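Trainee: All chains, full assembly: derive it from the sequences and hints.
If you read the sequences in order, they're chains A and B. If you read the first sequence in my numbering, its first letter stands for residue 982, the second for the next number, and so on. If you read the second sequence in my numbering, its first letter stands for residue 15, the second for the next number, and so on.
Worth double-checking, as some hints may not be accurate.
Interface residues of chain A toward chain B, partial, derived using beta-carbon atoms under 10 Å [unchecked claim]:
#1 Arg-1067
#2 Arg-1098
#3 Ile-1167
#4 Phe-1169
Please keep in mind that the hints were generated in silico from the structure rather than gathered at the bench. Keep in mind that this is a model prediction, so the values were computed, not measured. Ideal Cβ placement from N, Cα and C applies to all residues, glycine included.
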Amino acid sequence: MCTDAAVFEIRAVSYQYSEITALDAVTFVVGKGERIAVLGANGSGKSTLLHLLGALAFPSSGTISFSGTPLTEEVFHDEVFGFDFRRRVALVFQNPDVQLFNPSVFDEVAFGPLQLRWPKAKIIERVDAVLASLQIEHLKDRAPHRLSGGEKKRVALASVLVLDPEVLLLDEPTSALDPRSQSRMIDFLIDCGGVKTVITCTHELHIVEDISDRCIVLKDGRIAGDGSSAHILANEDLLKEAQLLHVHRHRHSSGIVHSHPHFHRGHNHIH
Amino acid sequence: MTAHPFIERTLAGFADALEHAGTAERLADQKGLLQRLDPRVKVIGALLLILATMCSRRLSVTASMLIVAVALAWLTRIPLRIVATRVWLSVLFFTGCIALPAAFTTPGLAIWHLPLVGWQITHQGLFSAVQLILRAETSATFVLLVVLSTPWTQLLKALRALRIPVTAVVILGMTHRYIFLLLRIAGEQFEARRSRLVGMLSSEQRRKIATSSAGVLLDKSVQLSGEVFSAMQARGFRGEIYTLDEFQMNPRDWFALTVFGVVTIVALFLGMRP
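Mentor: So this is what it looks like as structure tokens:
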């Protein structure tokens, strides 16, 4: 059954790559305006889940519904639905080099609106506005492959924000970013609170409280935990089981070695 | 001498390729004659001049077209050293390989005999060989001038504006874009190998490294192409590319187009006379 406020309903979804099960009977509902962090170690199925939610792949079994419509290959044969979905749901890839394939930043950001056949004047106005809002208007004529990692991430984000999507799917948005770029990205995700539905895949626990209200923990393609961010972050056993916590050993000046599970809280934690 | 000259040379090759791209971008940003023109005018102008060059039957006219190309390079602030190293030498080599036999095989008035073998070079054969090389050099120079004086984005847009099929333009654009990424990946691969190698490599080992690197790179490029296609789909791509055409012709562009047209007509008139 579909609730009015549900954006995505994921029911018993499994996905297999040849013989490897990437997702196994995953079930959860994403409400409108929710900010969800999908946590999991490498290979836990986070990116696969985002690809399924972005309708870039379809479940081997189970169903994913978007605003009540099951996402299948057949419904995407309908151009009207396809365009509507792509405008409303945006995916930012982990590797911006994958996402930035146009010769200039302007063309990159204009790519989505052009595919959706927006009027020329509206495209130019919207592209300029998004570039300005992310403070990258000076990069407009630059080639994306010549940019720094942080700039590439911002351009990748601009390329999907230009469509003003209702749902943002972000795959490791802060990975490989310097602290300043990380901080900018986190500020952006904080600003999205209540305005957009944001699903962020990450294994960086120190950003989770800032970017999400709810956490879903994946382990070996299955949901190992689902709850409020504060609740999940307080559950050390769960985080250890999902290989999201590691044991840090501290050698104190006295020579005594302490070992304890640890994750970094706060962006500028000096360890 | 370095311990791994093969790897050093390969890395230097990658660095050179990236450096060439950087040079092209810098040249396209300069304030020369061609840089100020509408990219469509440059493409059409180059095509017209190439047409006139290819149709010329007179050596003097073909040589004059090469002088026009050199003059354009100078006015466009493109150093002749770059034109010589990127075009003239390689075209001379490749076209020379094709043209050289013509000097011997074309029937006509013998002007010189090759010692020992006794092959004769004919006047007509030499004329054909020189004409072929000059045509190739001149045409390639015009193409290089357009490429070096135009940002790649603008060039692709110009091609689209001139109704070149979208698939061809997209393939060109993506190839240019991902060549750099693959060059970087390949460079990093070779750096990684260098960091783990001690001593000299035998030729067998060098071959192994080259083939395995090519294989890995191919595998990575296939994976990358799949991911890129997903990224395009995620933003609404359904097989057709749409572009914004923001070009505006101004009086200078019309004037340049007229000059290109006049030069072409004059060259055709003089070059096609018997």
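Trainee: Does each hint hold? Answer for all of them.
Mentor: Structure-based check of all given hints:
no., hint, verdict
1, Arg-1067, "holds (4 Å)"
2, Arg-1098, "holds (7 Å)"
3, Ile-1167, "violated (23 Å)"
4, Phe-1169, "violated (19 Å)"
Violated hints for the displayed structure, listed by number in ascending order: 3 and 4.
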